[in-house]
Structures are given as C-alpha cells and as structure tokens.
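Trainee: Single-letter residue listing:
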Amino acid sequence: MDLTYFFELLLGGLTRGSIYALLALGYTMVYGIIQLINFAHGEIYMIGAFTALIVIGVLTFTGMNGIAIILIAIVVAMVFSTGYGFTMEKLAYKPLRRAPRLSALISAIGMSMFLQNYVLLAQTPDFLPFPNLLPKIARLEQAESLMNSSQFTILVTTAGVMIILTFLIKFTKIGKAMRATSQDKTMAMLSGININKVISFTFVVGSATAALGGVLISSHTGQINYYIGFIAGIKAFVAAVLGGIGSIPGAVLGSLVLGWTESFGTGYISSDYEDVFAFIFLIAILIFKPSGILGKTSAGDKV
Amino acid sequence: MKKSLRGALMIAVIFLIAGAFVFAGGSQEGEAKGPIKIGVAGAHSGDLASYGLPTVNAAELVAENANEKGGVLGREIELVIEDDQCKPEVAANTAAKLVGEEVVFVLGHICSGATKAALGIYKDSGIPVMSPSATNPPLTQSGEYPNFFRTIASDDAQARLQVDFAVDNLGLSKIAVLHDKGDYGKGLAEFAKQFLEEESGVEVVLYEGITPGAVDYSAVINKLGNSDAEAVIYGGYHPEASKLIQQIKKKNMDITFISDDGVKDETFIKVAGDFAEGVYATGPIDTSKSPMAQQAIQEHQEAYGEDPGPFYLNAYAAAQAILNGIEQAGSTDYDAVTTALRNNFVETPLGEISFDEKGDAIGVGFSMFQVQDGKYVEVK
Numbered sequence: 001m002d003l004t005y006f007f008e009l010l011l012g013g014l015t016r017g018s019i020y021a022l023l024a025l026g027y028t029m030v031y032g033i034i035q036l037i038n039f040a041h042g043e044i045y046m047i048g049a050f051t052a053l054i055v056i057g058v059l060t061f062t063g064m065n066g067i068a069i070i071l072i073a074i075v076v077a078m079v080f081s082t083g084y085g086f087t088m089e090k091l092a093y094k095p096l097r098r099a100p101r102l103s104a105l106i107s108a109i110g111m112s113m114f115l116q117n118y119v120l121l122a123q124t125p126d127f128l129p130f131p132n133l134l135p136k137i138a139r140l141e142q143a144e145s146l147m148n149s150s151q152f153t154i155l156v157t158t159a160g161v162m163i164i165l166t167f168l169i170k171f172t173k174i175g176k177a178m179r180a181t182s183q184d185k186t187m188a189m190l191s192g193i194n195i196n197k198v199i200s201f202t203f204v205v206g207s208a209t210a211a212l213g214g215v216l217i218s219s220h221t222g223q224i225n226y227y228i229g230f231i232a233g234i235k236a237f238v239a240a241v242l243g244g245i246g247s248i249p250g251a252v253l254g255s256l257v258l259g260w261t262e263s264f265g266t267g268y269i270s271s272d273y274e275d276v277f278a279f280i281f282l283i284a285i286l287i288f289k290p291s292g293i294l295g296k297t298s299a300g301d302k303v
Numbered sequence: 001m002k003k004s005l006r007g008a009l010m011i012a013v014i015f016l017i018a019g020a021f022v023f024a025g026g027s028q029e030g031e032a033k034g035p036i037k038i039g040v041a042g043a044h045s046g047d048l049a050s051y052g053l054p055t056v057n058a059a060e061l062v063a064e065n066a067n068e069k070g071g072v073l074g075r076e077i078e079l080v081i082e083d084d085q086c087k088p089e090v091a092a093n094t095a096a097k098l099v100g101e102e103v104v105f106v107l108g109h110i111c112s113g114a115t116k117a118a119l120g121i122y123k124d125s126g127i128p129v130m131s132p133s134a135t136n137p138p139l140t141q142s143g144e145y146p147n148f149f150r151t152i153a154s155d156d157a158q159a160r161l162q163v164d165f166a167v168d169n170l171g172l173s174k175i176a177v178l179h180d181k182g183d184y185g186k187g188l189a190e191f192a193k194q195f196l197e198e199e200s201g202v203e204v205v206l207y208e209g210i211t212p213g214a215v216d217y218s219a220v221i222n223k224l225g226n227s228d229a230e231a232v233i234y235g236g237y238h239p240e241a242s243k244l245i246q247q248i249k250k251k252n253m254d255i256t257f258i259s260d261d262g263v264k265d266e267t268f269i270k271v272a273g274d275f276a277e278g279v280y281a282t283g284p285i286d287t288s289k290s291p292m293a294q295q296a297i298q299e300h301q302e303a304y305g306e307d308p309g310p311f312y313l314n315a316y317a318a319a320q321a322i323l324n325g326i327e328q329a330g331s332t333d334y335d336a337v338t339t340a341l342r343n344n345f346v347e348t349p350l351g352e353i354s355f356d357e358k359g360d361a362i363g364v365g366f367s368m369f370q371v372q373d374g375k376y377v378e379v380k
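Protein chains in written order, with the numbering used here: chain A, 1 to 303; chain B, 1 to 380.
Accuracy of the hints is not assured; some may be wrong.
[Claimed, not checked] Not the full set, but computed from the structure, chain A residues with beta-carbon under 7 Å of chain B:
#, residue
1, Tyr-5
2, Arg-16
3, Gln-223
4, Ile-231
5, Asp-272
Everything labelled a hint here was simulated from the structure, so no lab data went into it. The structure displayed is predicted, hence computed values, not measured ones. We treat Cβ as the ideally placed atom computed from N, Cα and C, and that holds for glycine.
Please work from the sequences and hints to get the whole structure.
Mentor: Listed below in structure tokens is the structure:
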C-alpha cells in the first residue's frame, strides 16, 4: 500500500476525530453528572458559531488583526453560549430533575428543535460563509497536502481542552464536587455540596467547549447554517457512546476511533458506506463492551 | 402481466371504437371541417395539480390568440381538457377519452410515468403528443414512441453536457464522478458515469457517494488525489460542493470541478468565495427575460391575475409549436404534422426551437457556466 496515502488518511481521520471530540466532550460531561443526553448540545455549538460570525463581521470593519478578531470572537461566542447553556438547564432540565429520565430526554430534544428553529427564524435558512481567520503556520505550508493550519489548530485545541478538563475534574475543588455529585446526588448534598451550582457549572463548561468547537470547526468547513449542530451533534454523540459516555478520555478516544474508521473506510473501501462503517463499529464495540471502550460500570466514577 | 393485459384490452377497445368512427364518418374525414381539436392532458386535480394547471392556462391563452387571428388553416382551435392526476392507470383512460374525442394532437401529459402509460395508446391511434414537462430520458431515447415530442430537456441532458464539455472542450481523460447519494445527484452521476464509459480513451477513475452535511471530506479528497483524476464531475447541491472545492483547493490539487444546476446558485459563490473561481456548472438556458417570455407571462397575469406556475413557458412553447406544426403541414395529418415539427423552427418563449429525430427539442436545455470574478458566466 502507498504509505503517503495511508498517512493522509491517518491525519484526515485524526482531524475528523478531533472535530467530533470537541463536541463529544460536552455530551460526556453532562451525561457524567446528571445522566442526561443533552441533545441540544449541538445547537449550542451552532449558536456559538453564529455568534462568532456576527462578532467577526462587526470587528472586520475596525480593521483589526485577524488573530485578535478570532480570539475576541471565540471569547464572545463562549460567553454567549454559556448563557444559553445555563438558561437551558434552568428552564428545560432542572424542573425535570426528579422526573423519569425519559422526560428530561424528550425535553432535550424539544430544546434542540426550539433552538434550531429560533436561529432559522432570527437569522436565515441559507448557508452563510464563515471566514477562516485561523493563523497560518508557516512551517505547515510545506506539508499542506498532509495537514493544513486549521486542521492542526483543531487538533492542538482538542488535546488542550481534554487536558484542562481532566485536570479540572481530578485536581480542583469544583472537580471533586462534580465527581461527588455524579456518584450520589443525595449524599453529596448531605455533605454540603450545592449540587445546583455544580450542575450549572457543568453546563457552563460544556457550552463553552461547544462554542469553541463551533468557531474552530466552522473556520475549517467555511460555512454554517442553522442545521449544522444537529448533524455534527449526532456523530459526536455516537463518538461519546463509543468511548464510554461519562468518561472524558473515553470521549476523545471514541471520537478518534470513529474518525479513523470513517477515514480508512472511505479511503480503502468506499465513501458510500462511510456511516455504515461507523455504525458497524459502534455495534461491535457495544456488543463486547456495552459501556463503551473506556466506560465504567455504574458503580464507578462517572466523570 | 396484468397491467399489459389491461393495456392490450384497452388498445383493442380503442381500435374498435376508432374503427367504428372511421367507418361511420369516412366521408367527413376527407373534408375536415369544424374546429381542430387539441387534447390537453395532465394533472389537474390531486397532489400534483399545481404542475398540470399552468399548462392548461398556457394552452387556453395560445388557443385564444390563434382564434382571434382566425384560427389555424382557417379552422377554430378547440381544446379538450382531460385530467390524469399524474397517475399512469388514470392516464390510460384519459388517453382513451381523448382518442375518442378525435383530437389531432395532445399537449401533455405532465408526469413521465403517466406520459409513458398514455403514449402507446396515442401511438396506435396515430396522434402526436408533446409534453412540456416529462423529463424521463427513455421517452425519446428509446425510439419506441415516434409520436412523442417535448419542450423540456431530459434528465440526462446535464450529464451529457458535462461529459461532452470535459472530454471535448477541456480534453480531459481521467475523470472522477462524485455524488451526494440523493435522487437528483446520484441520478445525474449515474448518467455521467455511463456517458464517460461510452467515450473512448476516457477513464472513470473514481465513482463514489459522499455523506451530505459531514464536517469534513478529507478522506474522499485524499482518495480523489490518489486516483490521479484531472477533473471531478459532482452531482448534488451547493453546500457539499462548496466544502469539496474548498478542501480541494486548500490541498493545492489541480482538479477541474464540474457540477450541475444544484450548484449553479449564487449561494455557492457566496459561501465558497474565492475558492469558487473557475468552477464549472451546468444550468438551464435562461430565457425568462426574452420579450416573448415576458409577453407570455404578462398575458397570464392579465388573464388569471397571478404569476404563472411551473412549466408554463414550456407549455406555452409547446402549444405554439403544435399550432405552427399544423399550420406548416397544411393539414392535421399525422405524417405531415410530425415532419413539419422536425423541419421547422418556431419562435417561442423558450427561444427558437425545432425537434430532432427522437422528439427532443433543439434549442431547449442546458448550457455550461463558469465562475469568473464571482459571477456565473456562460461558456460558449
């Protein structure tokens, strides 16, 4: 087999995996804390991308430097999206915390549809171009055919976010509280943890990663519309389940495995069956390890 | 089996009826007085009525105009309007009714399936048919229906143009075909692949479907690069096309991108930006700005108080072509009329059209456009 081609596919799969991972992290965190599959997570990602596009549009007129614009856009998008994430939890999930899990799930699906249609009406049903302002890395220019700057930025960011989240959960006070909440809400409350605060914090962090993903991924694909969150969200959700939902490293591993499966499946067999490969792999993993690659049984740590 | 039996029975019945008429009215036929009856068939009720009714309006307006000028060959034009609901099983009955009404030409039917079901009946009765909207390729290309004409390009016309352009105009020989797995995109891609394989010295190096909406197409782009393709023909819509072309250009691959009217859309240029430069796409020849088309649209607005619906201009052109054919032939005789249609050009809202041997309109169809300086420009 042609080695260059193999590496192209390997790196392509890696990028695709990191794209999924940026989103899968948010799914897995929320699931880890309150066992809710937050279907509206993809919509937060989409709102992040739209916010960034508006900010970029305004700032471009001031003639600012491209890197400064993208950084400000990312910060504003993150703030805006965390606002949405926080409010969403208070409105749609908190009142249902004692209800059966299915009710909260339906509420999440409703939230997802609501946000999609809200953006559809408030913005536009059309595709909009998203400018690529990510910095060009001079050294990568030579290896453009293997990996371009935006792919590299996504890769590095995903790795960074994963490390920060792992650190946050393992070594900080709020992380300890999150782990406690995930294990036993009542007991955590009894030992003085404000679980409402912990859950809100989880949504805020999850939404911030989604917004970051929204800006980076849209820079990579170069276009957005109100529906991008749904399609990307479904794949990221699959990746999170594949890696073991509730586990942070699992989400990243699951995403990479999914990215590579699709990339090599397309590269060596056919892109007609891209989704088929992804889902066959998911089924195979779930048969042998029902809780995912790095998933733990319900008794263990979920975060 | 059952269907063909029913069809055969139907034809037998029609023959009997038609025969009876010939016997009864033998002397009348020769004199040919009274109005010229033109059948108008299509979906006038049901889900697809909005596709069929504009044709009725067009036929009425054209007939009215002709009658004001004293009719055709000195005879008045009378329309016989029959509904087929776009259903093949109803269309056979519709055809039988129109044959019974002794129409000399049928404008219709609207849907390809219904048209096909009715065509055999008209063929056996020696009645020519002209559809403004049936795009199914075999209707003309199979050669089974010499009585069939149409004023719309067939489904494969775009693929034909793409292939001819890539092979003859650009001189390319290694071509990849991609599609979005949808009915429209895949249908076109299949035709493109088939036409490419028929060309000698041309190789289809890659034929694949991509997943619409995916975040990243790097794998398929790598595959494209690995296949040494000089050009890619893409069947699908603009969102995926703009992602593909961006990734192709970002990798500095020298591949000509040729697509269809799903991509010949301003949104494509807006979204793909500079990456869109040089992209080829086929699109319908735009005639709606021509004076005749403007006039036809205005007539509709005056008569019905609203803008015309789908296929209106195609139907208007068809009605004009039919009347012109009869005029030129000097009679309503089948052979004379069909020969006249094939040998005369007529000025219509779709431009100057005539018909080829198989019944497809010459002068109607698609042309190739290229993105130049942020605009689609027709490539001659």
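Trainee: Tell me, in ascending order, the numbers of any earlier hints that this structure violates.
Mentor: none
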